[in-house]
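Keeping their order, the protein sequence lines are chains H and X.
By our numbering, the letter at position 155 of the first sequence is numbered 155, and the numbering carries on one by one without gaps.
One gets our numbering by counting positions in the second sequence from 1 and adding 244 to each.
Simulated from the structure, these hints should not be mistaken for lab results.
Just so you know, even glycine gets a beta-carbon here, dropped at the ideal spot from N, CA and C.
The reader is advised that the hints may include incorrect statements.
Claimed, not checked - Covered by chain X, according to a simulated footprint, are these stretches of chain H (three or more residues, beta-carbon under 8 Å):
1) 46 to 54
2) 79 to 88
3) 136 to 148
Stated by the list, open to error - DEER-style ranges, computed between Cβ atoms:
4) Leu172/H <-> Arg349/X: 42 to 52 Å
5) Phe201/H <-> Phe255/X: 55 to 65 Å
6) Gly306/X <-> Gly240/H: 55 to 65 Å
7) Leu137/H <-> Gly406/X: 43 to 53 Å
8) Phe255/X <-> Leu133/H: 46 to 56 Å
9) Glu249/X <-> Trp59/H: 17 to 27 Å
10) Ile165/H <-> Glu325/X: 21 to 31 Å
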Amino acid sequence: MRIVWTIVKRELAAYFTSPVAYVFLVIFLLLTGFFTFTAGNFFERGEASLAAFFGWHPWLYLVLVPAVGMRVWAEERRSGTIELLLTLPVATWQAIAAKFLASWLFLALALALTFPAIVTVNVLGDPDNGVILAGYLGSWLLAGAYLAVSCMTSAMTRNQVVAFILSVVVCLFLVLAGFNPVTDLMVRWASPAVVDTIAAFSVVTHFDGFQRGVVDSRDLLFFLSVIGFALFATGVIIRGHRSG
Amino acid sequence: MIRIENLVKDFGAKRAVDGVSFAVERGEVLGFLGPNGAGKSTTMRMITGFMPPSSGRVTVGGHDVAESPLEAKRLIGYLPESAASYSDMTVRGFLNFAAEMRGLRGAARNTAVGRVVELCFLQSVLRQSIDTLSRGYRQRTCLAQALIHDPDVLVMDEPTEGLDPNQKHEIRNLIRELGARKAIVFSTHILEEVDAACTRAIIIDRGRIVANGTPGELRSLSALAGAVTLSARGADEAKLSALGRVENLNGAFRIYPRDKSKVSDLAQAVVDLVAREGWKVEGMYSERGELDEVFRRITLPDTVK
Chain H
1 MRIVWTIVKR ELAAYFTSPV AYVFLVIFLL LTGFFTFTAG NFFERGEASL AAFFGWHPWL
61 YLVLVPAVGM RVWAEERRSG TIELLLTLPV ATWQAIAAKF LASWLFLALA LALTFPAIVT
121 VNVLGDPDNG VILAGYLGSW LLAGAYLAVS CMTSAMTRNQ VVAFILSVVV CLFLVLAGFN
181 PVTDLMVRWA SPAVVDTIAA FSVVTHFDGF QRGVVDSRDL LFFLSVIGFA LFATGVIIRG
241 HRSG
Chain X
245 MIRIENLVKD FGAKRAVDGV SFAVERGEVL GFLGPNGAGK STTMRMITGF MPPSSGRVTV
305 GGHDVAESPL EAKRLIGYLP ESAASYSDMT VRGFLNFAAE MRGLRGAARN TAVGRVVELC
365 FLQSVLRQSI DTLSRGYRQR TCLAQALIHD PDVLVMDEPT EGLDPNQKHE IRNLIRELGA
425 RKAIVFSTHI LEEVDAACTR AIIIDRGRIV ANGTPGELRS LSALAGAVTL SARGADEAKL
485 SALGRVENLN GAFRIYPRDK SKVSDLAQAV VDLVAREGWK VEGMYSERGE LDEVFRRITL
545 PDTVK
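Just chain H, same shape as in the assembly:
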């Protein structure tokens, strides 16, 4: 396990030695602020909650998380360091988990830096902080699901731009499958059972509960299995191009 931590440390340090981390954090915070207070009508809602804040996350992450995840494996492949990393005494799954974990911790930091939103809502009103906490947990899991998908697409190519685009497309599917305008459209020509099944694959459906403060084990399981599946697929892809 210490070897996993060694890789996590290196990966995290890599974010902060390049401008990537700072650019990302600033843009993330600006955009969450904009969406919450301007586009989300935070003040006009007149309720002491962060619904205006969390509601935008599936869309915000759609662009921002692939930007974090695209370099994870593509960069290793481009620079050839993947050969160095995987010939060190570390199992491939450990390397995959470590690199995912590092990026996920970085996203946790970005999320933690949105704390002024909690302060604001607590100063202005009397919100249920349990609901807010559940919202943060859900948001982090949502980011994790997108990130795992980005790791997977990143392993497919040595080109970060390709990895980014592929990842956005897959994540977009994960959002749209449960997005109301889309499900409403599908209901017209598919049976409700089919629509529900498709919607069950959507992150939006499973993120809703967290926003309402409900931590349902099924939703937890959903996000963890998306992460697990995408990382497993990452392993298969890496094994595939190692064996030529």
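Given the coordinates of chain H, work out where chain X should sit on it, guided by the hints.
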């Protein structure tokens, strides 16, 4: 330490490595020669466990690389092609990372880093980030990474590629020094390196081993090996040709032995003839053979053959 049996690697329909077998023991430095695309890098990637072989077996220190990769990898230090390293890290950061990945922590880590920094002359660039380093320093940084845990087996893919002659010389000396205590395999397509650093060399062409021996043995495969070149005033081609086939090189004569196993006899015979005829010798030497020529002869591309 390294044992390779019948190694095969297919990339789709193309067979990159085709039935390669060899062994390297401690104290040996094996030079892996061959034209570009001959399968050198692929073979090394299979030794280090980066690529699984299509068939065949690699064991390192008794551990099968496919079955117990972690045990095998612990024994290996690897310098990948073009010295790939994390270019955003400083030299010190990168070496610390390598040490920790090898399970060295705290004081043990600092000792190990200090040792390789000294060995590879990296003191002056410790705080620099790797992408600001010159080619030579980058190569040495990656080599330092490979040596951090003082491995029994060292595998290097073109360690002198892109270096200037002084840097090449330093790296070769280092390889030779390390070779006394380790089993070393390194690939190159520079033939002088075989003489400078190897105890043994393998020439590989289109995935197959086409020659395997000490530098001396490989050289004796040369048509030139054992020939005597004589330049002497008054020398007569007709009289020399009694000793063997003679080639006229603008005034000097090269006499090829009839029987390669009696090379020293030829030299003596030439000396005797010179003395008998009273020719004035300006120069005379025995040819050791040229690796260059051997290499070209056995790895000729299809278009030439």
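Tested hints:
no. : hint                              : verdict
1   : 46 to 54                          : violated (count 0)
2   : 79 to 88                          : holds (count 8)
3   : 136 to 148                        : violated (count 0)
4   : Leu172/H <-> Arg349/X: 42 to 52 Å : holds, 44 Å
5   : Phe201/H <-> Phe255/X: 55 to 65 Å : violated, 36 Å
6   : Gly306/X <-> Gly240/H: 55 to 65 Å : violated, 29 Å
7   : Leu137/H <-> Gly406/X: 43 to 53 Å : holds, 51 Å
8   : Phe255/X <-> Leu133/H: 46 to 56 Å : holds, 52 Å
9   : Glu249/X <-> Trp59/H: 17 to 27 Å  : violated, 56 Å
10  : Ile165/H <-> Glu325/X: 21 to 31 Å : holds, 29 Å
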